[in-house]
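Which chain is which? The protein sequence lines are A and B, in order.
Per numbering that gives the first Met the number 0, the very first residue in the first sequence carries number 0; after that it's consecutive.
Per numbering that gives the first Met the number 0, the very first residue in the second sequence carries number 0; after that it's consecutive.
There could be a bad hint or two in this list.
[Stated by the list, open to error] Looking from chain A toward chain B, a few residues come up when the C-beta cut is under 10 Å (computed): (1) A25; (2) G55; (3) P58; (4) R59; (5) I62; (6) T119; (7) K145; (8) W146.
[As the list claims (entries may be wrong)] Listed next, the in silico SDA-like pairs over lysine to any residue satisfying Cα-Cα at most 20 Å (straight line): (9) B:K155 / B:P195; (10) A:K45 / B:P73; (11) A:K145 / A:L70; (12) A:K45 / B:K348; (13) A:K163 / B:K230; (14) B:K42 / A:K132; (15) A:K163 / B:R197; (16) A:K45 / B:S40; (17) A:K132 / A:L112; (18) A:K45 / B:K230; (19) B:K230 / B:D260; (20) B:K348 / B:G231; (21) B:K218 / B:R235.
[Unchecked claim] Heads up, incomplete: computed chain B residues facing chain A, CB under 10 Å, no partners named: (22) G18; (23) L20; (24) E22; (25) E24; (26) M27; (27) Y54; (28) A58; (29) L66; (30) S67; (31) P73; (32) S112; (33) S118; (34) P126; (35) S130.
These are calculated hints, taken from the structure and not from any lab test.
All residues carry an ideal CB built from backbone N, CA and C; glycine is no exception.
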Amino acid sequence: MNQEDKEKDYFESPIHLEYQYTAGAATTRFLNKVKEGKLVGQECPKCKAVYVPPRGSCPRDGIATNREVELVDQGCIESFTIVHIPIPGNPIVPPYVCAMIRLDGANISFLHLVDGIKLTDIRIGMRVKAVWKPKSEWRHSLENIKWFIPTDEPDVDVTKLRFKPE
Amino acid sequence: MKKIAIVGYAQNKILASAGALNEVELIMPVVHKIFNNLGISQKEIDFTCSGSCDYLQGAAFAFVEGLSAIQTNPPIKESHVEMDAAWALYESMLKIQMGDADTALIYGFGKSSPGDLDSIISLQMDPYYISPLWPDRISLAALQAQVLLNNNIINKDEIMHAVIESRNNGLNNLNALIQTSITEDEYQKDLVLSSPLRALDCPPISDGASAMIIASEDKAFNFSSNPIWIKGIDHRIETSNLGARNLSSSPSIKSAMKSLDIENTAFDIAEIHTQFSHEYPFLRKLLNLENVPINLSGGPLVGNVMMAAGLDAIGKVYEQLSTNSYKRGLAHATSGPCLQHNMLVSLEKNS
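My request is simple: use the sequences and hints to build the entire structure.
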């Protein structure tokens, strides 16, 4: 008897919920700039830390970050991992590199892809810059950046990046 | 047992839709408000506990994102309940009793506007036998309302007056979402959503956030010259098997009353978390509150922030005891279908 002929001893009850999801007022300002190809962080009025992507607050001081700071699209790898296992539904073919990218002038890093390098050569502190998708594909998403690639600049000592309030 | 008091409470104005605001932007104003009222900062707080439900936002770990609203560096002692923040208050009380903290910040927040609350709430039910049927919250409430009517425990007149009274009381509540009164005639003409409940018998979809600060006896007077003491707190839950429950009574509330020894206590004021109008006359009788002013804030029928409305009931009793001559108050919070899970909090002011 083949598997499909067997009587089911279970039933499926899929859950489907619809939402009008909103990113939040501060993150919306960020995403509107990303759509124009700009990376704009937000600065804490007290400790001057710059957050990108911003959530609208500085957890160090518990206050709103209301000043926008335009950042460059380059920085360094603060940490990384090499993914070997495929994730169902994810179009990226392993192995690939996920890295925490710390943009110059920012005080937090965000997760993105790194390409254009042999997997064995990737390292913490490596300088990288963004490769943007064609402008026609830009949306309200950090996926407007295809991935980051290494530059020829010397490595950075990431332990020196630790935030020191002014 | 240590004596613990509420020393502060703040609430955002309840909105039908907070629009694009995220959880950080909902929480931060109310936390700043309570800190400013008391002239303190997060540094004076030993333990922070929040209550919220990620299904409402439709975002996994929204409660972790929400933490960015408060000062978390240097690292803080923090916890969360996937429940109404009244239960975050309960966890904070345990933390203080255990000697791990002397002060606690509690906050609750919820946005019901982004999703379909009826579908979301049906997912809190038993996942094998009940949730797959997607029973909506109003039909479930109507089930209990009909049981109570059939058993002559309440009558339709009492249900109607619960709505009218709630609307009238809400006129004095600046944070209420609904600030209009209604007449008997308007009520009678209202659409029946799920018999016997009309649209006016159900709480409005609400967005908002609230915060509370409690402290042990040693610290309470540092924050307030008039702390309101938590004389007792108890919560009980009934089975998740709806068919096995007796909806014409509430064993959970009765045992909480017994454990707090408040069956014969004369309260001056009460706020009860009655999201549907029929629950009001039912609990008023059950809790022996028939001559007591109840829900002077208007209660959940004029604003019902999911995951904060239970904490709000406690906060509103605190406010009444702080600002009026009332001495003793009772607050009630609930969770689950048909008043499945109930908390009672008995509050008292020093004379």
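ask   = Hints broken by the structure, by number, lowest first?
value = 6, 7, 8, 12, 13, 14, 15, 18 and 21
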